[in-house]
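Position 198, counted from 1, in the sequence shown is what the working numbering calls 198; the numbers after and before it change by one each time, with no gaps.
In case anyone wonders, no lab produced these hints; they're calculated from the structure. Treat the hints loosely; a few may be bogus.
Unchecked claim - Here are the computed lysine to aspartate or glutamate pairs in the DMTMM-like style, where the Cα-Cα straight-line distance is at most 20 Å: (1) K85 <-> E67; (2) K45 <-> D35; (3) K185 <-> E201; (4) K185 <-> D200; (5) K85 <-> E74; (6) K295 <-> D270; (7) K185 <-> E210; (8) K197 <-> D175; (9) K197 <-> E237; (10) K295 <-> E268; (11) K295 <-> D278; (12) K45 <-> E74; (13) K85 <-> D69.
These numbers come from a predicted model, not from an experiment.
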Amino acid sequence: MRPTIALALLGALGAALLTGCETTGGNQTQTTIYDMHRRIVKLDKDLGDSVTRLNETSASLNQRVEEMDMQTRELRSLLEENQNKLNAISQDLARFYRALNLSPPSSTATPVSGTNVSVGPTMIERPAQTPVPAGQNTLQDSAPIPTDRAVLGASPQPADEPVPASPAPAGQAGDPRTMYEQALKIYQNGDNANAVKKFDEYLGQYPNNEHSANALFWKAKAQLNMGSHADAVQSFEQMRSRFPNDTKVPFAMHNQAVAHSRLGQTAEADRLMQAVIDQYPMSPVAEQARSDLQKLRGQ
Numbered sequence: 001m002r003p004t005i006a007l008a009l010l011g012a013l014g015a016a017l018l019t020g021c022e023t024t025g026g027n028q029t030q031t032t033i034y035d036m037h038r039r040i041v042k043l044d045k046d047l048g049d050s051v052t053r054l055n056e057t058s059a060s061l062n063q064r065v066e067e068m069d070m071q072t073r074e075l076r077s078l079l080e081e082n083q084n085k086l087n088a089i090s091q092d093l094a095r096f097y098r099a100l101n102l103s104p105p106s107s108t109a110t111p112v113s114g115t116n117v118s119v120g121p122t123m124i125e126r127p128a129q130t131p132v133p134a135g136q137n138t139l140q141d142s143a144p145i146p147t148d149r150a151v152l153g154a155s156p157q158p159a160d161e162p163v164p165a166s167p168a169p170a171g172q173a174g175d176p177r178t179m180y181e182q183a184l185k186i187y188q189n190g191d192n193a194n195a196v197k198k199f200d201e202y203l204g205q206y207p208n209n210e211h212s213a214n215a216l217f218w219k220a221k222a223q224l225n226m227g228s229h230a231d232a233v234q235s236f237e238q239m240r241s242r243f244p245n246d247t248k249v250p251f252a253m254h255n256q257a258v259a260h261s262r263l264g265q266t267a268e269a270d271r272l273m274q275a276v277i278d279q280y281p282m283s284p285v286a287e288q289a290r291s292d293l294q295k296l297r298g299q
């Protein structure tokens, strides 16, 4: 564009020069030439400034486009990350329902595939209760009776859930999984005395294994079933102190309270029942603790 304008101006300058020569003489022609030269210089400068501004604007627009493209990629990455988190939460909820004996709604049975998560109402199933022998305190323990399914290849439960956890597939004899499975099966068969021995053997060799909290809990349950209430109190207390973050802790507290009540230690039973209600209000055993607390207080 600039060469074309310059040529046009030079042509005009030449025409003016010729005209000046014919009409006014040398001085007027010289003045005209100087004037045209100044105009050409000014126009060239203005044109250069415009081109510079245009280049700067173009560079700024390109930078903004790149920034927006980067932001778009970041948003897409964030959406994918949030989707993965939602899927993980859905899976955690499904495991949580199984751990607490809940009936999960169909919307949480599988990981979410979209960005909307809908959780339906949760139906809570009360844990099965072990009958109390006649003549003893009417309070009942709170852990469900284990079924054969737990040791015969069903999907394993998390180690800290309030039902007998199914160990991983049996390994070689003498490994922790096999020892725990053997003790659990004995307990499931109702042989509480031998179950206590087997759980003690397991805990003696593997005091901090992934199944140790389970083993200590079910050992205490076996002692409670045998009527060894003082031993059960000690075992439940040991389980709670060694594994304070285990999800069976509220069950251990309630069962320990039941053992105290059967020993005639009503005040301690009352304290533990109230602690279950206060510290674990959403636990499946909290409602049973409220009912038992009313019985203890004669309400």
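Evaluated hints:
1. A C-alpha spacing of about 27 Å is found between K85 and E67, which places the hinted pair above 20 Å, so the restraint is violated.
2. This hinted pair checks out: K45 and D35 have alpha carbons roughly 16 Å apart, not beyond 20 Å.
3. Simply put, K185 and E201 have alpha-carbon atoms about 14 Å apart, close enough for the 20 Å limit, and the pair holds.
4. A hinted pair counts as satisfied when its Cα atoms are at most 20 Å apart, and K185 with D200 qualifies at roughly 14 Å.
5. Proximity of K85 to E74 is assessed by CA-CA distance (about 16 Å); at most 20 Å being required, the pair is judged to hold.
6. A distance of roughly 10 Å separates the Cα atoms of K295 and D270; the hinted pair therefore holds under the 20 Å criterion.
7. As the CA atoms of K185 and E210 are separated by approximately 18 Å, the hinted pair is consistent with the 20 Å bound.
8. Our distance criterion of 20 Å between C-alpha atoms is met by K197 and D175, whose separation comes to about 17 Å.
9. This hinted pair checks out: K197 and E237 have alpha carbons roughly 18 Å apart, not beyond 20 Å.
10. For the suggested pair K295 and E268, the alpha carbons sit about 14 Å apart, so the restraint of at most 20 Å is met.
11. At roughly 18 Å between alpha-carbon atoms, K295 and D278 fall within 20 Å of each other, so this suggested pair holds.
12. Between K45 and E74 the alpha-carbon distance is near 43 Å, which puts this suggested pair outside the 20 Å criterion.
13. About 24 Å separates the Cα atoms of K85 and D69, which puts this hinted pair outside 20 Å; it is violated.
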